[in-house]
Amino acid sequence: MKTIFKYLPIVALPAIGMSSAFALEQVNGSATVIVQNSFTLQEDSGLDFGTVRASADTTGTTVATLTLPADGSASSVVQGTNATIQEITAGAAATFSISGAAPSTALTLTLPSSTTLTTGGGTASFTVNNFIAEVTSGPSNGSTYAASNLITDTAGAVTFSVGADLVTDASTPAADYLNGTYTGTYQVSVDY
Numbered sequence: 001m002k003t004i005f006k007y008l009p010i011v012a013l014p015a016i017g018m019s020s021a022f023a024l025e026q027v028n029g030s031a032t033v034i035v036q037n038s039f040t041l042q043e044d045s046g047l048d049f050g051t052v053r054a055s056a057d058t059t060g061t062t063v064a065t066l067t068l069p070a071d072g073s074a075s076s077v078v079q080g081t082n083a084t085i086q087e088i089t090a091g092a093a094a095t096f097s098i099s100g101a102a103p104s105t106a107l108t109l110t111l112p113s114s115t116t117l118t119t120g121g122g123t124a125s126f127t128v129n130n131f132i133a134e135v136t137s138g139p140s141n142g143s144t145y146a147a148s149n150l151i152t153d154t155a156g157a158v159t160f161s162v163g164a165d166l167v168t169d170a171s172t173p174a175a176d177y178l179n180g181t182y183t184g185t186y187q188v189s190v191d192y
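Going by the UniProt record's numbering, the sequence shown opens with residue 1, and the numbers climb by one from there.
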């Protein structure tokens, strides 16, 4: 009987090891990721300097400037020696909205240095410059745009407004402003 007990454990061990090798199962798992680096940026309303009476300096290079703030406050005018802007109807800052961006993330806003407004048949034009933005929603609501403060909300959205200066023609135009609508475009860029 002693001999049987000595050999039994040796015989039983390989059987235990073999049974767990036959129970091994494997499966390959899957992994995915969706990359969305883009978001939606749209102009909700254009930059509108309102209705003005304007005259350019046709004998020199002095200018008049109408400043349209981005924060919705009243515009102001600085007259030139031989150039004039008088506001007849108040304008309004442009408004922009962003959606589909990463939540609670700072975005970088780039505004242009200047653009030109012209009308068909006229020689005098306006320069639009000194663009400025105001954050109008999200954590920095009510702040003038500065690096890192255009921050999306928890849904990945934020809005801002844009104001600028409207400056009379400094190039000594051959003729003064005509009645009509003066138009131009400018580019606003937003990125992470």
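There's no promise every hint is true.
What the hints assert, rightly or not - So the derived label-pair ranges between C-beta atoms look like this:
(1) Ser97 - Asp176: 21 to 27 Å
(2) Ser73 - Ala31: 49 to 55 Å
(3) Thr59 - Gly184: 23 to 29 Å
(4) Ser73 - Tyr192: 29 to 35 Å
(5) Asn28 - Ala155: 16 to 22 Å
(6) Ala31 - Val188: 33 to 39 Å
(7) Ser148 - Thr89: 53 to 59 Å
(8) Ser30 - Ser73: 51 to 57 Å
Rather than coming from a laboratory, the hints here were simulated on the basis of the structure.
Note that beta-carbon positions come from the ideal geometry of N, C-alpha and C, so glycine has one too.
Hint check results:
1. The hinted range of 21 to 27 Å is not satisfied by Ser97 and Asp176, whose Cβ atoms lie roughly 38 Å apart.
2. Between Ser73 and Ala31 the C-beta distance comes to about 52 Å, which sits within the given range of 49 to 55 Å.
3. Checked against the hint of 23 to 29 Å, the pair Thr59 and Gly184 passes, with Cβ atoms roughly 25 Å apart.
4. Our hint of 29 to 35 Å for Ser73 and Tyr192 holds, since their Cβ atoms are close to 30 Å apart.
5. Asn28 and Ala155 have their C-beta atoms about 36 Å apart, which leaves the hinted 16 to 22 Å range violated.
6. A hinted range of 33 to 39 Å holds for the C-beta pair Ala31 and Val188, which are about 38 Å apart.
7. Remark: the range hint 53 to 59 Å for Ser148 to Thr89 is contradicted by a beta-carbon distance near 36 Å.
8. Separated by about 56 Å at the C-beta atoms, Ser30 and Ser73 satisfy the suggested range of 51 to 57 Å.
When the structure is compared with the earlier hints, violations turn up for hints 1, 5, 7 and for no others.
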